[in-house]
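Protein chains: 2
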Amino acid sequence: MKTITSLDDVSFDANGWVPAIAQDASTMRVLMLGYMNPDTLRETLETGRMTYFSRSRNQRWLKGETSGNFQQVKEAFVDCEGRSLLFLVDQTGEGACHTGEFSCYFRSLHDLDQ
Amino acid sequence: MKTITSLDDVSFDANGWVPAIAQDASTMRVLMLGYMNPDTLRETLETGRMTYFSRSRNQRWLKGETSGNFQQVKEAFVDCEGRSLLFLVDQTGEGACHTGEFSCYFRSLHDLDQ
Chain U
0 MKTITSLDDV SFDANGWVPA IAQDASTMRV LMLGYMNPDT LRETLETGRM TYFSRSRNQR
60 WLKGETSGNF QQVKEAFVDC EGRSLLFLVD QTGEGACHTG EFSCYFRSLH DLDQ
Chain X
0 MKTITSLDDV SFDANGWVPA IAQDASTMRV LMLGYMNPDT LRETLETGRM TYFSRSRNQR
60 WLKGETSGNF QQVKEAFVDC EGRSLLFLVD QTGEGACHTG EFSCYFRSLH DLDQ
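Those protein sequences? They're chains U and X, same order as listed. Each step along the first sequence adds one to the number in numbering that gives the first Met the number 0, with nothing skipped, and position 10 is 9. Each step along the second sequence adds one to the number in numbering that gives the first Met the number 0, with nothing skipped, and position 65 is 64.
Please note that the accuracy of each hint is not assured.
Note: identical chains are not told apart, hence a pair may lie in one copy or across any two.
Said to hold, decoys possible - Derived lysine to any residue pairs resembling SDA-like cross-links, with alpha carbons at most 25 Å apart: (1) Lys73 - Arg59; (2) Lys73 - Ala13; (3) Lys73 - Ser107; (4) Lys73 - His109.
Keep in mind that the hints were calculated from the coordinates and are not lab data.
Given the sequences, and given the hints that come with them, work out the whole structure.
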């Protein structure tokens, strides 16, 4: 597996953000999609704790800082074009979602009430 | 498969796009992150074939139309805030990535030099 040596291979968008997928390493369930800027990506890789950039609050967001449900990074990948990131994590606590669900993807599009 | 007729629970961004994660249903590997607009999301749910909106080409993009490596939809989910989609798919052919890799996430950031 190739490794990269610089964040130059990550393409941040015009706002300075890149989408970051968190996947639970034990269940392989996709937990959530957040965004990172260069600072929070560096912090995530240095600390091993998923640290996003909250677009709505326009600030750093250490996942679990309030809830205790931290995400510990096991593996980190960048896609072929550098436009998105994938993190395999150990989800601590009850789950990733603020609703109490383990994954934020608990609503099926096929079951949407029409 | 139930076809949806309302996408009110999906929040498209200012450009009319929503990020869509494709995850291989058998290996559970995350394959890629693309984008959909309302038309290509509807087409995806109706046809059962992942159909993205190419931001670079500014047009509909039926995954596999050129390569033959279609992605057949097994399950479709929207996140708790409606801001991203997750599709469990059967990845046909050799894989999802134009490089020939099965997943677009084949480059590790783990050993990234700070």
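Structure-based check of all given hints:
Taking CA atoms no more than 25 Å apart as the test, Lys73 paired with Arg59 passes inside one copy only; the shortest distance there is 21 Å, against 35 Å between copies. For a Cα distance limit of 25 Å, the shortest separation of Lys73 from Ala13 qualifies neither inside one copy, at 29 Å, nor across copies, at 34 Å. For the identical chains of this complex, Lys73 and Ser107 are inter-copy neighbours only, at 11 Å across copies versus 28 Å inside a copy, given an alpha-carbon limit of 25 Å. Proximity of Lys73 and His109 under a CA criterion of 25 Å is satisfied inter-copy only: 8 Å between copies versus 31 Å inside one chain copy.
Hint 2 alone, counting from the list given before, is not met by this structure.
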